[in-house]
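Please construct the entire structure, taking both the sequences and the accompanying hints into account.
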Amino acid sequence: NAGVMQNPRHLVRRRGQEARLRCSPMKGHSHVYWYRQLPEEGLKFMVYLQKENIIDESGMPKERFSAEFPKEGPSILRIQQVVRGDSAAYFCASSPTDTSGGVNTGELFFGEGSRLTVL
Amino acid sequence: GENVEQHPSTLSVQEGDSAVIKCTYSDSASNYFPWYKQELGKGPQLIIDIRSNVGEKKDQRIAVTLNKTAKHFSLHITETQPEDSAVYFCAASGYSSASKIIFGSGTRLSIRP
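Protein sequence lines correspond, in order, to chains A and B.
Under this note's numbering, the residue at position 88 of the first sequence is numbered 88, and the numbers go up by one with no gaps.
Under this note's numbering, the residue at position 46 of the second sequence is numbered 46, and the numbers go up by one with no gaps.
Worth double-checking, as some hints may not be accurate.
[Unchecked claim] Distance condition first, Cα-Cα at most 25 Å in a straight line; then the derived BS3-like pairs of lysine-lysine:
#1 A:Lys44 <-> B:Lys22
#2 A:Lys27 <-> A:Lys71
#3 A:Lys27 <-> A:Lys51
#4 B:Lys22 <-> B:Lys68
#5 A:Lys27 <-> B:Lys42
#6 B:Lys37 <-> A:Lys27
#7 B:Lys37 <-> B:Lys58
#8 A:Lys44 <-> B:Lys37
Keep in mind that the hints were calculated from the coordinates and are not lab data.
Below you can see the structure in the form of structure tokens.
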């Protein structure tokens with residue numbers, strides 16, 4: 001059972017370009033989270049999605065950032081018109097559903113991250 | 001919303017000694033408290049977790065304690081080894097279909113040989 005797969009692992013963009021980060025959750029997991037981590041800092045919540053639904057996007061900047069988790073394919077975090085302050089590691093995590101209660105267990109399985117550098 | 005505070009930010013212990021990391025949380029509705037270990041250049045990995053219906057949980061050299069009244073929980077690592085050197089994060093969330101997991105700021109643990 002493959003883990004959470006993120007790509008690209010490293011991405012370099014110039015200011016004003018677009019960055020697209022992809023995340024394939026673990027097989028059977030229907031909950032996806034995106035977190036941002038600046039160097040030497042903690043993990044800041046951005047967005048929580050289920051298939052075709054955004055459950056909580058309270059951590060997403062109001063402009064330029066968007067996320068989706070379509071019925072088919074990976075979850076995508078999209079950053080438009082990138083600025084230097086967007087340089088960070090972006091981590092995706094997935095979690096399974098409790099088979100007895102049908103709720104999100106909250107146990108996060110993280111990918112290795114995508115490191116965005118904006119020149 | 002939930003706020004998680006973690007202390008200390010850095011911790012250095014002699015190999016073989018114990019390490020303790022403490023966290024407090026603000027939302028009394030939180031009932032799931034995981035701990036993650038992050039090695040350099042890698043994603044965080046779950047090492048132990050505790051739910052609010054228990055006060056303590058142990059897994060070999062790692063233990064976690066929870067005090068719901070005081071809203072704090074702690075990670076204890078005994079007989080520390082060099083491979084324990086990493087950044088450790090605590091987190092808190094509610095157990096529901098719409099709960100985000102909020103992380104503490106992290107503790108950089110260094111084990112001195």
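Going down the list of hints, with the structure as the test:
1. A:Lys44 <-> B:Lys22: holds (19 Å)
2. A:Lys27 <-> A:Lys71: Holds: Lys27 (chain A) and Lys71 (chain A) sit about 14 Å apart, inside 25 Å.
3. A:Lys27 <-> A:Lys51: Between Lys27 (chain A) and Lys51 (chain A) the Cα gap is close to 13 Å, so the pair holds against 25 Å.
4. B:Lys22 <-> B:Lys68: holds (14 Å)
5. A:Lys27 <-> B:Lys42: holds (20 Å)
6. B:Lys37 <-> A:Lys27: Holds. Lys37 (chain B) to Lys27 (chain A) sits at ~23 Å (cutoff 25 Å).
7. B:Lys37 <-> B:Lys58: holds (16 Å)
8. A:Lys44 <-> B:Lys37: holds (16 Å)
Of the numbered hints listed earlier, not one is contradicted by the structure.
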